[in-house]
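Participant: Residues per chain are reported as follows:
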Amino acid sequence: MSEMSKIVRTISNSLFPFIMIYGLYVIMHGHLTPGGGFQGGAVVASGCALMLVAYSSGWVFKKVKESDLSVLESIGAIGFISLAFLGIGVTFFYNFLVGSNLLFGEIPPAGPNTGNLNTAGLLPLMNLSVGLKVIAGLFAIVAVMAFVASRGMRKK
Amino acid sequence: MKNARNLIAATALAICAVFLIFSSIMMHPFGKPSDSSMDDYIISNAQNETGANNAVTSVVFDYRGFDTLAEATVLFTAVAGVIMLFRREKHE
Amino acid sequence: MIEMILHAALPILIVVTAIIAVLFKDLVSATIALAAMSLLLSLEFYILQAPDVAIAEAGVGACLTTAILIISIKATKRMEDE
Chain A
1 MSEMSKIVRT ISNSLFPFIM IYGLYVIMHG HLTPGGGFQG GAVVASGCAL MLVAYSSGWV
61 FKKVKESDLS VLESIGAIGF ISLAFLGIGV TFFYNFLVGS NLLFGEIPPA GPNTGNLNTA
121 GLLPLMNLSV GLKVIAGLFA IVAVMAFVAS RGMRKK
Chain B
1 MKNARNLIAA TALAICAVFL IFSSIMMHPF GKPSDSSMDD YIISNAQNET GANNAVTSVV
61 FDYRGFDTLA EATVLFTAVA GVIMLFRREK HE
Chain C
1 MIEMILHAAL PILIVVTAII AVLFKDLVSA TIALAAMSLL LSLEFYILQA PDVAIAEAGV
61 GACLTTAILI ISIKATKRME DE
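Protein chains in written order, with our numbering: chain A, 1 to 156; chain B, 1 to 92; chain C, 1 to 82.
Be aware that one or more of the hints could be misleading.
As the list claims (entries may be wrong) - Derived BS3-like pairs: lysine-lysine, alpha-carbon spacing no greater than 27 Å straight-line:
| id | chain 1 | residue 1 | chain 2 | residue 2 |
| --- | --- | --- | --- | --- |
| 1 | A | Lys-6 | C | Lys-25 |
| 2 | A | Lys-63 | A | Lys-6 |
| 3 | C | Lys-74 | A | Lys-65 |
| 4 | C | Lys-25 | A | Lys-63 |
| 5 | C | Lys-74 | C | Lys-25 |
| 6 | C | Lys-77 | B | Lys-2 |
| 7 | A | Lys-6 | A | Lys-62 |
| 8 | A | Lys-65 | A | Lys-6 |
| 9 | C | Lys-77 | C | Lys-25 |
| 10 | A | Lys-62 | C | Lys-74 |
To be verified - If you want a taste of the chain C side facing chain A, the calculated C-beta under 10 Å gives, among others:
| id | residue |
| --- | --- |
| 11 | Met-4 |
| 12 | Leu-6 |
| 13 | Ala-8 |
| 14 | Ala-9 |
| 15 | Leu-10 |
| 16 | Pro-11 |
| 17 | Ile-14 |
| 18 | Thr-17 |
| 19 | Ala-18 |
| 20 | Leu-43 |
| 21 | Pro-51 |
| 22 | Glu-80 |
Stated by the list, open to error - Counterexamples of contact, computed for chain A against chain B with all Cβ distances above 12 Å:
| id | residue |
| --- | --- |
| 23 | Glu-3 |
| 24 | Ser-5 |
| 25 | Phe-18 |
| 26 | His-29 |
| 27 | Ser-67 |
| 28 | Leu-122 |
| 29 | Leu-125 |
| 30 | Val-134 |
| 31 | Arg-151 |
Derived from the structure by calculation, the hints contain no laboratory data. Quick reminder that beta carbons are idealized off the backbone N, C-alpha and C, glycines included.
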């Protein structure tokens with residue numbers, strides 16, 4: 001696929017940071033507001049797919065290689081499983097950070113409250129790893145399919 | 001041959017319609033599950049036990065973490081399959 | 001009141017867009033109808049008070065699935081055979 005017109009590219013350029021910030025907000029605030037790793041990852045991958053269709057797939061593969069995307073996805077998966085294994089002293093998936101005074105270790109007051117980002121123990125870290133995995137995985141699918149489609153059309 | 005196929009399709013459709021009509025008549029009222037003890041436990045204790053304000057995330061990542069692990073495995077397998085199918089060859 | 005109207009109108013619109021997506025012979029038009037169905041479905045999830053599922057449906061169903069289907073149509077052919 002070739003580049004689209006200058007109008008589409010300009011609008012995509014100015015829209016891309018807002019989509020990225022919204023998706024990263026959904027990932028990072030997954031334990032306070034609706035959303036989480038999968039939802040925010042899907043939003044960020046949608047923004048990357050917007051850049052992919054506005055510019056060409058060759059332009060995208062000059063910036064990010066598909067092996068990098070595979071590595072990022074594997075880092076997310078390994079991070080998720082090792083975070084689950086860290087609590088193996090009690091059970092698998094034990095949330096050992098809650099109540100300690102370490103990172104994300106506070107407990108919010110019961111009932112409706114203004115959210116505090118520094119709560120919920122392992123959940124934000126798991127949200128981050130799942131979000132990384134979903135971003136890399138979904139964008140790798142779209143980018144590889146677009147690249148193969150453009151290459152097949154050039155051969156004809 | 002065509003008549004038999006039509007007959008089978010009509011029978012399957014009729015059975016599906018009967019089940020759909022019965023289930024829509026006997027459906028629970030919205031928001032009132034038949035057994036709500038697990039829901040009540042999670043709603044009253046999730047904020048204290050996991051420290052997250054969002055009870056849905058605390059169910060997805062803490063109480064039912066194995067489901068999320070399986071979902072991540074499904075996504076990983078799908079991405080591995082697509083990249084294996086559409087991978088760039090080294091010799092080009 | 002407006003919630004009652006939405007609860008009545010949205011499922012009908014979802015079914016109508018799904019039937020339109022099946023009936024189109026032009027596959028790009030069918031994909032656009034499918035994206036409209038996904039967007040209406042995410043609105044339905046939102047008024048049923050499931051915002052998590054609504055965000056996931058809007059991101060995956062209305063954007064990424066449409067992109068993948070359009071890319072596939074561009075690599076193959078556009079019109080459906082009779």
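Participant: Indicate, hint by hint, whether the structure satisfies it.
Facilitator: Results of checking the hints against the structure:
1. Of the supplied pair hints, the one linking A/Lys-6 and C/Lys-25 is violated, its CA atoms being roughly 31 Å apart against a limit of 27 Å.
2. Proposed proximity of A/Lys-63 and A/Lys-6 is supported: the alpha carbons are some 20 Å apart, at most 27 Å.
3. At roughly 23 Å between alpha-carbon atoms, C/Lys-74 and A/Lys-65 fall within 27 Å of each other, so this suggested pair holds.
4. As the CA atoms of C/Lys-25 and A/Lys-63 are separated by approximately 38 Å, the hinted pair breaks the 27 Å bound.
5. Proximity of C/Lys-74 to C/Lys-25 is assessed by CA-CA distance (about 15 Å); at most 27 Å being required, the pair is judged to hold.
6. Taking the CA atoms of C/Lys-77 and B/Lys-2, the gap is about 31 Å. The hint is violated against a cut of 27 Å.
7. Simply put, A/Lys-6 and A/Lys-62 have alpha-carbon atoms about 20 Å apart, close enough for the 27 Å limit, and the pair holds.
8. Proximity of A/Lys-65 to A/Lys-6 is assessed by CA-CA distance (about 25 Å); at most 27 Å being required, the pair is judged to hold.
9. For the proposed pair C/Lys-77 and C/Lys-25, the alpha carbon gap of about 12 Å is at most 27 Å, so the pair holds.
10. For the suggested pair A/Lys-62 and C/Lys-74, the alpha carbons sit about 22 Å apart, so the restraint of at most 27 Å is met.
11. Because the beta carbon of C/Met-4 sits about 24 Å from the nearest beta carbon in chain A, more than 10 Å, this interface hint is broken.
12. With its C-beta approaching chain A no nearer than about 19 Å, C/Leu-6 sits outside the 10 Å limit, and its interface hint is violated.
13. Because the closest C-beta pair between C/Ala-8 and chain A is about 25 Å apart, greater than 10 Å, the hint is violated.
14. About 24 Å separates the beta-carbon of C/Ala-9 from the nearest beta-carbon of chain A, more than 10 Å, and the hint is not met.
15. Among the interface hints, the one on C/Leu-10 is violated; its C-beta lies about 19 Å from the nearest C-beta in chain A, farther than the 10 Å criterion.
16. The interface hint given for C/Pro-11 is broken, as the beta carbon of that residue sits about 22 Å from the closest beta carbon of chain A, more than 10 Å.
17. Nearest Cβ of chain A to the Cβ of C/Ile-14: about 20 Å, over the 10 Å cut. The hint is violated.
18. For C/Thr-17, the shortest C-beta to C-beta distance to chain A is roughly 20 Å, which exceeds 10 Å, and the interface hint is violated.
19. The beta carbon of C/Ala-18 comes no nearer than 22 Å to any beta carbon in chain A, farther than 10 Å, and the hint placing it at the interface is violated.
20. Restraint check, C/Leu-43 versus chain A: the minimum CB separation of about 15 Å is more than 10 Å; hint violated.
21. The interface hint given for C/Pro-51 holds, since its Cβ lies 4 Å from the closest Cβ of chain A, which is under the 10 Å cut-off.
22. Contact between C/Glu-80 and chain A, as hinted, is not supported at the beta carbon level, the nearest pair being about 19 Å apart and thus beyond 10 Å.
23. Annotated as non-interface, A/Glu-3 keeps its C-beta farther than 12 Å from every C-beta of chain B; the closest such distance is 21 Å.
24. Every Cβ of chain B is farther than 12 Å from the Cβ of A/Ser-5; the closest lies at roughly 27 Å, confirming the non-interface assignment.
25. No Cβ of chain B comes within 12 Å of the Cβ of A/Phe-18; the nearest lies about 23 Å off, and the non-interface call holds.
26. A cut-off of 12 Å between C-beta atoms contradicts the statement that A/His-29 is not in contact with chain B; the least separation is 9 Å.
27. Not every CB of chain B is more than 12 Å from the CB of A/Ser-67 (nearest about 9 Å), against its label as outside the interface.
28. The claim that A/Leu-122 is not at the interface with chain B is violated, since a C-beta of that chain comes within 12 Å of its own (minimum 8 Å).
29. Remark: the non-interface label on A/Leu-125 conflicts with the geometry, its nearest Cβ contact in chain B lying 10 Å away (cut-off 12 Å).
30. Distance to chain B contradicts A/Val-134 as a non-interface residue, since its nearest Cβ pair spans about 7 Å, not more than 12 Å.
31. Once the 12 Å rule is applied to beta carbons, A/Arg-151 is inconsistent with being away from chain B; the minimum gap is 8 Å.
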